[in-house]
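Q: Next come the chains, spelled out residue by residue.
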Amino acid sequence: MFDALFPHGIAPYLIGGLVMGAGVALLYVATGLVGGMSTVFSAAWSFVSGAAHFAQPRYVGSRAWRLVLAAGLVLGAALWTLASGQVVPVTTVPVSLLLIGGFVAGFGARMANGCTSGHGICGLASLQASSLAAVVVFIATAMATAHLVRSLA
Amino acid sequence: MNAAGLTPAGWVAVLVSGMLFGAGLTASTMVRPEAILAFLRWQDFGLLFVMGGAALVTGLAYAIAPRVMREPAFATRFGVHPSRFDAPTLVGAAIFGVGWGLAGVCPGPAIAGLGAGNWPLLASLAGMLAGAYVQGRWFGRDDPGAPAGAPAAR
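Here the protein sequences line up with chains V and R, keeping their order. Residue numbers for the first sequence follow the numbering used here, so the first one is 1 and each next one is one higher. Residue numbers for the second sequence follow the numbering used here, so the first one is 154 and each next one is one higher.
Source of the hints: derived by calculation from the structure; they are not laboratory data. Fair warning: there could be bad hints in the mix.
What the hints assert, rightly or not - Short derived list, chain R residues pointing at chain V, Cβ under 7 Å:
1. 160
2. 170
3. 203
4. 210
5. 221
6. 226
7. 228
8. 255
9. 258
10. 259
11. 267
12. 270
13. 285
Even for Gly, the Cβ is constructed at its ideal location relative to N, Cα and C.
Excised from the complex, chain V in its bound form (with noise of 0.2 Å):
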């Protein structure tokens, strides 16, 4: 039964989220700020845009330490390949649903104003319930869609 529904255990995957749950910590604990992955977007529309959205506050006071962040995020995950020794299957998943399915998850994360680490992990964080029912929403169209599409390959 365990190993049905933990085919590689469950150590990398704990330790990773520790991991990450430290970061996300450590950015409350040094500056209180609160951020979740998907607002960098919009944010960063904010430097190139002239649109009337892009220009709010939100935006503009923190797309700084929002795109800081999302340098971190390439340089940990670089640093940890290298000092890990592992290496990192390139994706087999066809560009164009790489392409597609970013859109989607693009729009439909900044229309809800969070995705899998702001909802996910800052909103069940603090116990917000919206968080919790958008954890379920996208987990659920999520499942299905999967499902779909690898029915349909």
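With chain V fixed as given, assemble chain R onto it according to the hints.
A: For chain R alone, kept in the frame of chain V given last:
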């Protein structure tokens, strides 16, 4: 405008926070769309421990820090996650899930995946930027009174 009014040490803390997040995403194999899709297709439920472990540590910090610290170490105010129980949150979450299920990529891994050398995720990153633009430009809600999740909102 100096976002968040951070001290230099605060900026370093933001970078290190991101590095921990990126390292954790890589260690947990979430930078592989295949690992996400294995969860969504009920082949490996490890993702629950990633999200649960991260939320647990984060929750402890959110609960304890404001009680034992007057203010953050390198800033002046503890922020809150600006979440609202309304239709856009639920509809947006449903749409987000469809995109997540199509490719197995969400924003964190799309960014961290580049550091891990998973180059095709650049396509997802481009898609997310485009999706965020279309959402904000033509469907965005402006709520200047909402908390920005950042001390900059003062």
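Q: Against this structure, judge whether each hint is valid.
A: Checked hints:
Interface hint at residue 160 of chain R: violated, since its Cβ lies 9 Å from the closest Cβ of chain V, which is beyond the 7 Å cut-off. A cut of 7 Å between beta carbons decides the hint on residue 170 of chain R: the least distance to chain V is about 4 Å, and the hint holds. Against a cut-off of 7 Å between C-beta atoms, the interface hint on residue 203 of chain R holds, since the closest Cβ of chain V lies about 4 Å away. Interface restraint check: residue 210 of chain R against chain V, minimum CB-CB distance 3 Å, threshold 7 Å, status holds.
With its C-beta approaching chain V no nearer than about 10 Å, residue 221 of chain R sits outside the 7 Å limit, and its interface hint is violated. With its C-beta approaching chain V no nearer than about 5 Å, residue 226 of chain R sits inside the 7 Å limit, and its interface hint holds. With a least beta-carbon distance of about 5 Å to chain V, the hint placing residue 228 of chain R at the interface is held under the 7 Å criterion. Given the 7 Å rule on beta carbons, the hint for residue 255 of chain R holds: about 4 Å separates it from the nearest Cβ of chain V.
Residue-level restraint check for residue 258 of chain R holds (minimum Cβ-Cβ distance to chain V is 6 Å; threshold 7 Å). With 7 Å as the threshold, the beta carbon of residue 259 of chain R comes within range of chain V, its nearest partner Cβ sitting at about 4 Å, so the hint holds. For residue 267 of chain R, the interface hint holds, the least distance from its beta-carbon to any beta-carbon of chain V being 5 Å, beneath 7 Å. The criterion of a C-beta within 7 Å of any C-beta in chain V is met by residue 270 of chain R, whose closest approach is roughly 6 Å, and the hint holds.
For residue 285 of chain R, the interface hint holds, since its Cβ comes within 7 Å of a Cβ in chain V; the closest pair sits about 4 Å apart.
In summary, the structure is inconsistent with hints 1 and 5 from the numbered list given earlier, while agreeing with the others.
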